[in-house]
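A.B. asks: Each protein sequence line maps, in turn, to chains A and B. This note's numbering puts the first residue of the first sequence at 1, with every later residue one more than the last. This note's numbering puts the first residue of the second sequence at 1001, with every later residue one more than the last.
Don't take each hint at face value.
Covered stretches of chain B (in silico footprint by chain A; criterion: 3 or more residues with CB under 8 angstroms from a CB of chain A, positions within the stretch not fixed) [what the hints assert, rightly or not]:
#1 1125–1137
#2 1211–1221
#3 1255–1268
#4 1271–1280
Hints were generated in silico from the structure; no laboratory data involved. Heads up, the beta-carbon is just placed ideally off N, CA and C, and yes, glycines get one too.
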Amino acid sequence: MERNMESLVQVKGLSVGFRVFEGLLRVLDGISLRIGQGERVGLVGETGCGKTTTVKSILKVLPQPPAVIFGGEVLFRGKDVLRMGRRAVHQLRRSSVAAIFQDPLQALNPVFTVGTQLSDIVRDWAAGTGKRLSKKEIFRRCVEALAQTGMPDPERIMTCYPIQLSGGMRQRVCIAEALVRPVELLLADEPTTNLDVTIQDQILRKLDELVEEKGMSILLITHSLGVVMDLTERVYIMYAGTIVEEGKTEELFTNPKHPYTQGLLKSIPKLTGEGISQGIPGRIPNYLHPPSGCRFHPRCEHVMPICTQQKPPLTESEGVACHLYRGDVR
Amino acid sequence: MKDVVLEVVDLKKYFPTKRGTVKAVDGVSFTVQAGETLGLVGESGSGKTTTAHCIIGLYPPTSGELRFKGQDISRGFERRPLSLRREIRIVFQDPGSSLNPKRHVAQILSVPLKVHRIVGRGERLSKVRELLEMVELPPDDYLYKTPRALGGGEMQMVAIARALATSPSLVVLDEPTSALDVSVQAKIISLLLRLQSELGLTYLFITHDLSLMRNVASRVAIMYLGKLAEIAPTLKFFRSPLHPYTKMLLSSVPVVSPEERALKPEKVVSRGEIPSPVNVPPGCSFHLRCPEKGEACSQLDPTLQEIEEDHFVRCLQFQGPP
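Can you build the whole structure from these sequences, using the hints too?
C.D. replies: In structure tokens:
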């Protein structure tokens, strides 16, 4: 697909921190990313690298305080979400952006049936577009959305409470909730992390189909490189609140540039059975006192003096934020 | 033939519940040989953790036999001699909940030394230091930290040190890395492999990650709904998987390179979910999801058969008429 397609979402230099008892946690450090119209983008990183904070900023659901946004903007179709009023944000969430989170049991309300929760979403969406839907019509749409996720016997599921469903089923309900109304962007935050591989495979295939069919954009957040490989065209690699590398998924995985990406790819156990590397030494930095310069430098084997002083920018041409790839510095 | 360390014969563990009996483990038999790593793989609810817990004696089995170096150990740990508890140790999945949050590392590691009287009181601290060094944690930095101050990987290293404190011969690893990030997982796995070759340990490695088993295990066993579906030496297992469930699992594994994709069996579309173990389907428990099922599958329950040397499969396709 074309890379120069119109951008749907543009995050520019977003910096977010959290005020806690010990001080200020500087989590996101000027991250920028772009999601094109109808594009499938992956965001990969390990635990605590700020993936979920990024998603929450796009949805504007970060609780402030403790969160503090220092700067940057999140443009949705050119409008800055961070500076939108409550009404506009509500409108955005009900008609343009949907999200699926990791733990469906937390995302679903335990005291309402699946049907009630789904129809609430449809009703709210309809109210936003000024449409009036009959009860029958709402019910039909909900059942259809459930059926689309591959749920067996959707009419019965409508009367079930989340606790009566298995993990895979609950995640299907979440997908149905996200897609019961037409949206332009789907944020999927670790949608299959809690599931078994065979169920993960089913859910991913379903997501793939639905995204294709409805022509929406998707931002898939995960720590599983295999999942990103399956589902996305372009991927951002995140480390400690910075984007370290960006590129087309296949290319990036066959030819990783950033030392972190290289270490990460080497760490994955392969089906080809070539053994396991030593992993990446050290651990993710403490956000109270993040390392100066490049945040990866304390763990990097190619560290140079400049790495400790200057933060490398993500270059447009190379798609990597590392001093090793900047001719002028070397 | 190598020495058999652990022999499991027709192990069954049932849990009575209000809604019926849960057959968590239902007739599992396998052996673990000295110095090998047996990978026990299955999805959630397949009974792999229950099997592990029976082996270390957290529960006494409902029926069946467990033999450790020829000695019968089919009972709960409170009825096992201390010497036996020293020999079989376990590392749990979540180190955050298996390490006491109110004790620091030195205290945590002293417990097995005290209970099993490994060293006298005076030498305890030096033994603890030795254990920490063994798992590549510099003792001076870690002795007096509490688990909360440690990262997930470091906690798991402490848990490993605790398991090794009594110089066991069999270590049960119950998903030791599934809560960790891949870069940390790689570190823990290479540590485990090094310790295995240095100390001559035998591992029973429980996991749901097939790609990991490809790199770690010498033999792989697949569990489904409390029963073994297939068991084979790793190379054979990945080169020619036979059981339809194994093929489904393998084709569902997400991979990152074309070389790996080439190794996966032809796309088997996975469907259905694991049925509840309270209500196991009749016949072969997998027949509801099986793409290759025949007519007899819903009535006859196959038994584990040796198809080739060391390659056992439990599927009617490979079974002659009874």
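A.B. asks: Hint by hint, say whether it matches the structure.
C.D. replies: Each hint, compared with the structure:
no. : hint      : verdict
1   : 1125–1137 : violated (count 0)
2   : 1211–1221 : holds (count 5)
3   : 1255–1268 : holds (count 7)
4   : 1271–1280 : holds (count 3)
Hint 1 from the list above is the single one not met by this structure.
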